[in-house]
Structures are given as C-alpha cells and as structure tokens.
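Line by line, the protein sequences give chains E and Z.
Residues in the first sequence are numbered from 1 upward in steps of one, following this note's numbering.
Residues in the second sequence are numbered from 1 upward in steps of one, following this note's numbering.
Everything labelled a hint here was simulated from the structure, so no lab data went into it.
A short list of chain E residues far from chain Z (calculated; beta carbon distances all over 12 Å):
1. THR15
2. PHE64
3. ASP71
4. THR116
If you want the footprint, here are the derived chain E segments under chain Z, 3+ residues with CB under 8 Å:
5. 47 to 60
6. 103 to 113
Backbone N, C-alpha and C define an ideal beta-carbon position, used for all residues, glycine too.
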Amino acid sequence: DSGVTQTPKHLITATGQRVTLRCSPRSGDLSVYWYQQSLDQGLQFLIQYYNGEERAKGNILERFSAQQFPDLHSELNLSSLELGDSALYFCASSVGGTSGGGEEQYFGPGTRLTVT
Amino acid sequence: DAKTTQPPSMDCAEGRAANLPCNHSTISGNEYVYWYRQIHSQGPQYIIHGLKNNETNEMASLIITEDRKSSTLILPHATLRDTAVYYCIVRGYYSGSARQLTFGSGTQLTVLP
Numbered sequence: 001d002s003g004v005t006q007t008p009k010h011l012i013t014a015t016g017q018r019v020t021l022r023c024s025p026r027s028g029d030l031s032v033y034w035y036q037q038s039l040d041q042g043l044q045f046l047i048q049y050y051n052g053e054e055r056a057k058g059n060i061l062e063r064f065s066a067q068q069f070p071d072l073h074s075e076l077n078l079s080s081l082e083l084g085d086s087a088l089y090f091c092a093s094s095v096g097g098t099s100g101g102g103e104e105q106y107f108g109p110g111t112r113l114t115v116t
Numbered sequence: 001d002a003k004t005t006q007p008p009s010m011d012c013a014e015g016r017a018a019n020l021p022c023n024h025s026t027i028s029g030n031e032y033v034y035w036y037r038q039i040h041s042q043g044p045q046y047i048i049h050g051l052k053n054n055e056t057n058e059m060a061s062l063i064i065t066e067d068r069k070s071s072t073l074i075l076p077h078a079t080l081r082d083t084a085v086y087y088c089i090v091r092g093y094y095s096g097s098a099r100q101l102t103f104g105s106g107t108q109l110t111v112l113p
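Given these sequences and hints, build the entire structure.
See below:
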C-alpha cells in the first residue's frame with residue numbers, strides 16, 4: 001500500500017459525458033501528479049500540482065483539467081469524453097516541489113475509465 | 001532527461017537473482033537513475049534510485065557503472081510476485097521544481113517456477 005488513494009476504482013460512462021477522478025496523496029506530500037496509461041501510449045504524464053498550484057503540464061488535452069485543494073487532495077476532470085479517453089488514470093504524490101531529481105513518487109492504484 | 005534503453009523482455013528462474021540492465025549513455029552529472037515496476041495494471045511501484053554510488057534497500061540493489069552510462073537493477077532472490085514490467089528512468093535535478101517521470105517501454109520480467 002503506497003498510501004495514495006484514488007476513487008473510484010472503475011468508471012464506465014458514455015461519450016460526451018464528464019467525469020471527475022479523485023486522488024488523496026500520502027500524508028505530508030505536497031506534490032500530486034496525474035498520469036494516463038492507455039494500451040497504445042504507455043504511461044504519459046498529464047499534470048502536476050504543488051501545494052495547490054499548477055507546477056508542470058504534460059500532454060494534457062484541453063478537455064481535461066485538474067486542481068489541488070487546500071487539504072491537498074486533487075481532482076482530475078475529464079469532459080466531452082471520447083472513446084480514446086478510455087485508459088487507466090494514475091495519481092502519484094511526492095514530498096515536495098523543490099528537491100528535484102532525488103525524490104521518489106508514490107503511485108495510487110489507479111482509476112480505470114471506460115468510455116462507451 | 002536522458003534517454004534509456006532496456007531489453008523488452010527477460011526471464012528468470014524463481015529463487016535466482018534477476019539482473020535487469022539499463023543503458024543511459026547520455027546521462028549528465030546531475031541526473032538520477034530511478035527504477036519502478038508495474039505489476040499488471042497496478043500503480044507503478046518505486047523500487048530504488050541512485051546518483052553515483054551503488055544503492056541497496058529491502059527490495060533490490062542498484063549498481064551504477066563508474067562512467068554512469070549504464071546501470072543494473074538486481075533482485076537477489078526473485079519470486080513469482082516479481083513478475084512485472086520494470087522501468088529504468090533518468091531524471092534530472094531542477095532547483096525549485098520537482099519533475100514528472102518519463103516512462104519508456106520497460107523490461108517485462110517473467111519469473112518462472
């Protein structure tokens with residue numbers, strides 16, 4: 001158990017809909033990262049938040065957005081869903097945003113999104 | 001971040017040491033070597049990381065060559081539960097900002113009974 005929790009575990013929805021994925025980081029961790037894993041793309045970084053502020057952006061679609069709340073949990077919002085958005089979505093957390101390369105990330109169990 | 005090269009797959013007999021190689025010939029002086037693994041569809045699991053010196057923890061050992069252009073992850077006594085995709089990742093240090101991990105294709109390790 002990494003200490004990172006994600007809900008829900010599974011989500012099935014239709015094209016055009018909007019969903020929200022939730023992540024609670026490990027106690028004391030200030031940084032939250034979101035990753036997407038699809039069959040053809042592998043693990044791809046989407047976005048990072050540090051202590052409530054956006055810190056880095058990857059290949060995140062404009063239809064996707066995220067935020068980190070004062071209690072440090074984070075939500076990833078996916079809208080106007082398409083079939084190709086079906087994937088595993090992982091959240092990871094790390095201690096902070098300033099220690100750079102020498103800091104490990106801990107991953108949650110993921111949310112499996114199926115768009116039909 | 002430097003690019004890494006790993007073999008796509010490896011087999012190992014249960015109880016034997018599993019040695020997973022990684023080439024990172026373009027690594028620069030401030031870049032760390034990280035190893036993660038992902039057991040089928042589970043969240044990636046941090047294993048170990050190092051900068052220059054060899055490292056050991058309860059899960060594995062990391063051997064980094066003196067020129068830092070390659071490394072080997074060693075699982076000393078592989079079990080069936082070690083079957084997973086193993087990712088070698090090189091990530092630099094950026095003052096004031098943590099960085100995301102860039103995952104490649106990794107090595108599928110299969111531990112055989």
